[in-house]
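Participant: Place chain B on chain A using the hints.
Chains A and B, in that order, are what the protein sequence lines are.
For the working numbering, count along the first sequence from 1 and bump the result up by 8.
For the working numbering, count along the second sequence from 1 and bump the result up by 1.
None of these hints come from the bench; they were simulated from the model.
C-beta atoms are modelled at their ideal positions from N, C-alpha and C, and glycine is treated no differently.
Possibly wrong hints are sitting among the right ones.
The calculated EDC-like cross-link candidates involving lysine to aspartate or glutamate, where the alpha carbons are at most 20 angstroms apart (straight line), are [claimed, not checked]:
#1 A:24 with B:35
#2 B:134 with A:42
#3 A:35 with B:238
#4 B:129 with B:160
Sample of chain B residues at the chain A side, in silico, Cβ under 10 angstroms [stated by the list, open to error]:
#5 56
#6 80
#7 81
#8 90
#9 93
#10 105
#11 108
#12 110
#13 127
#14 131
#15 147
#16 151
#17 192
#18 193
Spelled out, the chains give:
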Amino acid sequence: MTTTTIPTLPAGRTIKLGLSRIRYEVKTYFRQGDAVFFSFLFPLVMLTIFSVAFSEQSFGSEAAPLSAAAFYLPGMLAAGLLLSGLQNLSIDIAGEKGDGTLKRFAGTPLPVLSYFIGKIGQVFATGILQAAMLLFVAGVVFQVELPSEPAKWATFAWVFLLGVSTSAILGIALSGLPRTGKSATAVIIPIALVLQFISGVYLGFSLLPEWLQNVASVFPLKWMAQGMRAVFLPEDFASLEQGGTWDLPGVLVVTAIWLVVGLAATRMTFRWIRKDS
Amino acid sequence: MTTTEPVVSVRNLHKRYGSFTALDGVSFDIHRGETFALLGPNGAGKSTTIEILEGYRDRTSGEASVLGVDPGTGGLAWKARLGIVLQSTGESGNVTVREQLTHFAGFYPNPRDVDEVIAAVGLQDKQKTLIRKLSGGQRRRVDVALGIIGRPELLFLDEPTTGFDPEARRQFWQLIDSLKQDGTTILLTTHYLDEAAQLGDRAGVIAGGRLIDIGAIDEIGGAEARVPIVRWKQDGERKSVRTSEPGLVVAKIVAQLGEPEALEIIRPSLEDIYLQLVADHAAAEAADLMENAS
Numbered sequence: 009m010t011t012t013t014i015p016t017l018p019a020g021r022t023i024k025l026g027l028s029r030i031r032y033e034v035k036t037y038f039r040q041g042d043a044v045f046f047s048f049l050f051p052l053v054m055l056t057i058f059s060v061a062f063s064e065q066s067f068g069s070e071a072a073p074l075s076a077a078a079f080y081l082p083g084m085l086a087a088g089l090l091l092s093g094l095q096n097l098s099i100d101i102a103g104e105k106g107d108g109t110l111k112r113f114a115g116t117p118l119p120v121l122s123y124f125i126g127k128i129g130q131v132f133a134t135g136i137l138q139a140a141m142l143l144f145v146a147g148v149v150f151q152v153e154l155p156s157e158p159a160k161w162a163t164f165a166w167v168f169l170l171g172v173s174t175s176a177i178l179g180i181a182l183s184g185l186p187r188t189g190k191s192a193t194a195v196i197i198p199i200a201l202v203l204q205f206i207s208g209v210y211l212g213f214s215l216l217p218e219w220l221q222n223v224a225s226v227f228p229l230k231w232m233a234q235g236m237r238a239v240f241l242p243e244d245f246a247s248l249e250q251g252g253t254w255d256l257p258g259v260l261v262v263t264a265i266w267l268v269v270g271l272a273a274t275r276m277t278f279r280w281i282r283k284d285s
Numbered sequence: 002m003t004t005t006e007p008v009v010s011v012r013n014l015h016k017r018y019g020s021f022t023a024l025d026g027v028s029f030d031i032h033r034g035e036t037f038a039l040l041g042p043n044g045a046g047k048s049t050t051i052e053i054l055e056g057y058r059d060r061t062s063g064e065a066s067v068l069g070v071d072p073g074t075g076g077l078a079w080k081a082r083l084g085i086v087l088q089s090t091g092e093s094g095n096v097t098v099r100e101q102l103t104h105f106a107g108f109y110p111n112p113r114d115v116d117e118v119i120a121a122v123g124l125q126d127k128q129k130t131l132i133r134k135l136s137g138g139q140r141r142r143v144d145v146a147l148g149i150i151g152r153p154e155l156l157f158l159d160e161p162t163t164g165f166d167p168e169a170r171r172q173f174w175q176l177i178d179s180l181k182q183d184g185t186t187i188l189l190t191t192h193y194l195d196e197a198a199q200l201g202d203r204a205g206v207i208a209g210g211r212l213i214d215i216g217a218i219d220e221i222g223g224a225e226a227r228v229p230i231v232r233w234k235q236d237g238e239r240k241s242v243r244t245s246e247p248g249l250v251v252a253k254i255v256a257q258l259g260e261p262e263a264l265e266i267i268r269p270s271l272e273d274i275y276l277q278l279v280a281d282h283a284a285a286e287a288a289d290l291m292e293n294a295s
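So here's chain A without its partners, still in its complex pose (with noise of 0.2 angstroms):
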């Protein structure tokens, strides 16, 4: 033989690998002591906290009262989608740039997809985990009512499965704007902090004035905490949304926005490593 082959890999690798990833990726998240309390355990904490704070308030009409583990259940879903999501992947991703691990597998055959199928699995199976046991301990513990009727849970469902997606990606793409590993969670924390107190997570969100309203709308953690409150709220609440409805079209359109500006911010600015030129 005169040329030189290269042999090439089998077909169907990266869907492999990626599964393989997604064990890898689930196993390390739960033996790290912090991503586990500051993303996963973190809504449930703080619906404890809430309910437990706000037990004598009611937070419905005269004639419809509700708890506050009942009123503060929808956000903390919401919370729990943009904590497992964005703001641990982003500051995952953004250690593992600066601690060496991205640079190692730049030197090896896996493919940048099974990678980000590690990443998004590990997302989905954690915020499965995480959604079970809010509605778990909310209906269990602090006796919330919830919905009966499958089509509440259908919408739960595509709510959910879109946000987490969204929020999955996103955090990959987040994960370029800290400078060095270290300062991620510096970065990262207050951009979620703050969606999460004008989005209606901490603070009902028809507190908040008009044009703070307004500029949640632009970000997707409003729509997807209004999608929550649409499944789990009474339909009454729904005249308190801005425009007088739980608008799930909305939901629908900014949230998918969302994981398309994602995807292509993604495509263009993730690399293994940033090679200097």
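Facilitator: Positioned in the frame of chain A, the structure of chain B alone reads:
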């Protein structure tokens, strides 16, 4: 595949960062099955060269071919044939040695056996320990294990034994010997000249971004640099003679003085030769500068 085609071929490689020239026309070949040691002071351009060949950096100009592929555009199938041990790593290491190796083995089409690799780097007792709980030298052995798990045709070792104790270094040398016997081609950078002498078939010395010498380990620096030195003490004074016939010189001294005090015959080690090469280069650069300035 022709056997004569070099595994690594570099021609007139240049790398500039802004106005700083890191590499200024480096050329060399590495042949199949060979261990090539790239030596040089810190900042001389060793890591820049190796990172260009690994595909981590772009070159400014010149040609480079690694396993027949331009490293600037090498894809996954190309990377599957390489093993890379980077100079420094600091991953969080929330997995055990065995988990990490098993996971990485899955990236490659024809990986080595995980148990064999763990044994080869001497981490059998630590295989179920989280990597972050290992000592620096043990983590370095994990790096080496990850570099060879994919059964690479070409292995890059960038200062692989930093932080090893002498025993671990001997074990590492044995491991590299066995890889060489398997036909692995190796590009090694190291600050330990005894290591380069032990492992290398050929060496290149790089200083100021230029390759100042290249040759077989036992020929580099030229015959002149290898002339042995005879040293002894005479009337309390140190004497030394450079000679290619040290036996005859010693015989003469003995005939004259009887048993001489503190007699030594020293053959310059690779380290001595290397230090001389780098010092000569620095002196020549300084002389150039003076000439240009005047």
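Participant: Against each hint, give a clear statement of whether it holds in the structure.
Facilitator: Hint-by-hint comparison with the structure:
1. A:24 with B:35: 35 angstroms, violated
2. B:134 with A:42: 18 angstroms, holds
3. A:35 with B:238: Violated, at roughly 70 angstroms.
4. B:129 with B:160: With a Cα-Cα distance of about 26 angstroms, the restraint between residue 129 of chain B and residue 160 of chain B is violated, given a limit of 20 angstroms.
5. 56: With a minimum Cβ separation of about 7 angstroms from chain A (threshold 10 angstroms), the hint on residue 56 of chain B holds.
6. 80: 5 angstroms, holds
7. 81: Check passed: Cβ of residue 81 of chain B comes within 4 angstroms of chain A, closer than 10 angstroms.
8. 90: Since chain A brings a Cβ to about 5 angstroms from residue 90 of chain B, closer than 10 angstroms, the hint holds.
9. 93: Cβ of residue 93 of chain B sits 6 angstroms from chain A, so the hint holds.
10. 105: OK, holds: residue 105 of chain B within 10 angstroms of chain A, min 7 angstroms.
11. 108: 5 angstroms, holds
12. 110: This interface hint holds because 6 angstroms falls under the 10 angstroms limit.
13. 127: Interface hint status for residue 127 of chain B: violated (17 angstroms vs cutoff 10 angstroms).
14. 131: 8 angstroms, holds
15. 147: Nearest chain A Cβ about 7 angstroms off; hint holds.
16. 151: For residue 151 of chain B, the interface hint holds, since the closest Cβ of chain A sits about 7 angstroms away, which is under 10 angstroms.
17. 192: 20 angstroms, violated
18. 193: With Cβ-Cβ at 23 angstroms, over 10 angstroms, it is violated.
Checked against the numbered hints above, the structure violates hints 1, 3, 4, 13, 17, 18; every other hint is satisfied.
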